[in-house]
Amino acid sequence: MKNSKYLPLLATFVVFVLGYVICISVFPNMLSTRVAGNLLTDNAFLGITAVGMTFVILSGGIDLSVGSVIAFTGVFLSVILRDTSIHPLAAFAIVLVLTTAFGAAMGGVIFFLDMPPFIVTLAGMFLARGISYLLTTESVPITHPFYSTLQEIYIRMPGGGRLTLIAMIMLAVFALGIILAQRTRFGTYVYALGGNLTSAQLMGVPVAKTTIGIYALSGFLAGLSGIVFSLYTSAGYSLAAVGVELDAIAAVVIGGTLLTGGYGFVAGTFLGICIQGLIQTYIVFDGTLSSWWTKIVIGLLLFGFIALQRGLMWMSERSARNMRHASAAAQASGA
Amino acid sequence: MANAQPLLSVRGVSKAFLGVSALENVDFTLQAGEVHALLGENGAGKSTLIKIITGAYRRDEGEVLLEGTPIHPRDVVDAQKLGIGTVYQEVNLLTNLTVAENLFLGRQPKRFGLTDVREMNRRSRAILDTYGLDIDVTAPLANFSVAIQQVVAIARAVDISGKVLVLDEPTASLDAHEVEMLFAVVRQLRARGMGIIFISHFLDQVYEIADSITVLRNGRLIDTVPVAGLDRLKLVSMMLGRQLEADIKRTIDPNTAKSEPLVSLRGLGKRGSVDPLDLDIRQGEVVGIAGLLGSGRTETAQLVFGIERADSGTISVGGAPVNMTSPRKAISQGFAFCPEDRKTDGIVGDLSVRENIIFALQAQRGWMRPLSRSEQEALADRYIAALDIRTSDREKPIKFLSGGNQQKVLLARWLATNPRFLILDEPTRGIDVGAHAEIIRLIIDLCERGMALLVISSELGELVGYSSRIIVLRDRKMVSELTGDEISTDHIMKAIASHGATGEAA
Ligand SMILES: Nc1ncnc2c1ncn2[C@@H]1O[C@H](COP(=O)(O)OP(=O)(O)OP(=O)(O)O)[C@@H](O)[C@H]1O
Ligand SMILES: [Mg+2]
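Chains as they are written, first to last, in the working numbering: chain A, 601 to 935; chain B, 259 to 764.
Dumping the calculated EDC-like pairs for lysine to aspartate or glutamate here, alpha-carbon to alpha-carbon at most 20 Å:
hint : chain 1 : residue 1 : chain 2 : residue 2
1    : B       : K657      : B       : E598
2    : A       : K809      : B       : D336
3    : B       : K492      : B       : D469
4    : B       : K657      : B       : E635
5    : B       : K654      : B       : E613
6    : A       : K809      : B       : D333
7    : B       : K657      : A       : D714
8    : B       : K752      : B       : D733
9    : B       : K654      : B       : D639
These are computed hints drawn from the structure, not numbers from a lab.
One chain only, chain A, in its complex shape (with noise of 0.2 Å):
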């Protein structure tokens, strides 16, 4: 069937709605503007380097390195706002530079080296979280005015909760990875990528520019992703965000997209942060269980989707199959 390549969307949408059912229903005060608001603040960061994660694998790759380039990010600001006078925004203009430069160069050794995207990316989780030692070993606190008024931007919802900057960005990158993905070339460059390099490459896609703009793209949100890390939580150390880069790869999963390639939704993956997000609220409101047991509901959650996504597959084979036969009838008795 035409819409099976929405199915996994659906499926991620519907356990989120019941996911959001069961809170409710539970705790009556998570359904709120407040609640919705938090939840959007708390995992902007992640948000936004999801989306870029969301076109790497997409492509067919992985990148790794994105939770230490937030780190990074992060240090780099409080290092530079502390030792110079320079403004915040020149300094996030200069880290989203080096970001991005970060990922274009990951791009290129990807494809001209002809190198594994999961090992390339691994080594760059490693030079970025190296270099923020370099820069700083302790926690630096931002103390720049500009700060405080960058945070105390927010829109006020119904109900009262806050729509904060941060929240907003994560939902304008949301937008426009949308339109990126479905209404450009480069969108379908990315998914030509991860469903047969070979065929790709034969019909025209510019292969060695498309997969550094994929891994640029994932540099230059991931540094994005830094800033408003850094906005959410007045600092930059060089420890903060370990394993970020895994949440993003289960967000993305659990939206939808194929750990192959090839097919997902960018909105997909909006899904999959609101469902871990969901999960850590859950987990405040009651107040006894440990936070460890996001790991674990995400954990299943993973496997409950990777075994979906196999299930959807062979059905939509065989679907596909079906009506393949029915064309193809269809043709010989139209002959």
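Here the structure of chain A is known, so what remains is to put chain B with the ligands in place on it, guided by the hints.
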């Protein structure tokens, strides 16, 4: 026209892969407004030559001129920009993208800087309309048959090419009707002054559509000649460098028809796929399956081999019923199945020719009982010789073989399991005239040594040559079974057509 400037000319091109020469000093000239067939055995260098023209490979020597100007396409995009569109032999499009996205990949219409999906879908429908194809262009390409995917690939290449269109074995998975449609489009393009390079192993098609022919052999240019007045035997001997022996017709031993069947199907069918059918296959017998594309030929084979599960009927082997639930089960009964879609099914590109040949046999024996290296080598060498697989040595990764030779390796893989019952789906597709004859001889030979075979083929002449019996399928139903003197192309055509006249409403 000899003095007019050629559209495309290739001069003294050479190309070697890892020191093994694939093309040597080849000249090739394509005029505007002509269809130029490029012929040669499997591995002659046809695909390599067109990959050089289209920028997929870099040439070692020589030059390529487009309208008199030297071109150096760095990659496929470059060639596309110059107006050269290509359907590559081994490439299917991207099955995870929609039909429309495949048609417009890299040149999507834009509106306000973004892809205009509606416009893209509209134009896709219009393009496919000229091929008489009315399909949902927003569905992923994976939903459609190989034939439709092929038509989409051709439509894309035609739409891209402004000057030169290259078709590398485009018709291998098309039926007669689709081939006609393709040729109608090619004729239109020719009339518009485009140059078309056409590679095929179907000589009938070459005679039908081509204006001139260039023959390659072992990477060398043999000759370029006009088609008009070209004697077919002469052409074949140009390609092979020897005479082809006369057509082979099997003599059938009347006693086999009386022996007990090895495999018998009773009411075997699956709703929506194949209507229930009865069939007996005896040892020493080749049962041919004829029918149009989509008539249920491949589906029947898949039911027998357990790839699809039947929902009615029984299969018995040697008199005992077998519940054919999976290919494993079938293999354990001594069945083997060489599938039709060899482009995608079964080639393990990085493994060597030897490893690819022993693959199924090893799987059948179980990985606990590995074949010794010398056994493997002996097997590989035997089939490389028997099927005339062109490879510099048996340890070469199979992805470096030409398309036709890869197919021969897959055929060898199943032959090596030495089955009791062998199913072949289009065994000669994409295989050159010389090797064609080898394979037919092999089929007859296997059968005479007591194997039971079920062979699906669109080449009726061939089917008639080796089959003891032929069943004809139409609209997923067995409509006729031909035996003895009834076995002839005429009868098959009649069986397909007569029932077609009544079934047309469906
Ligand atoms: N990428 C490659 N690496 C190494 N050898 C190659 C490569 N591509 C082709 N060859 C070799 O070059 C020779 C010519 O191959 P080519 O694909 O051009 O044959 P072809 O004429 O198209 O045959 P077919 O009819 O089977 O498609 C073959 O011997 C093949 O093994
Ligand atoms: Mg070829």
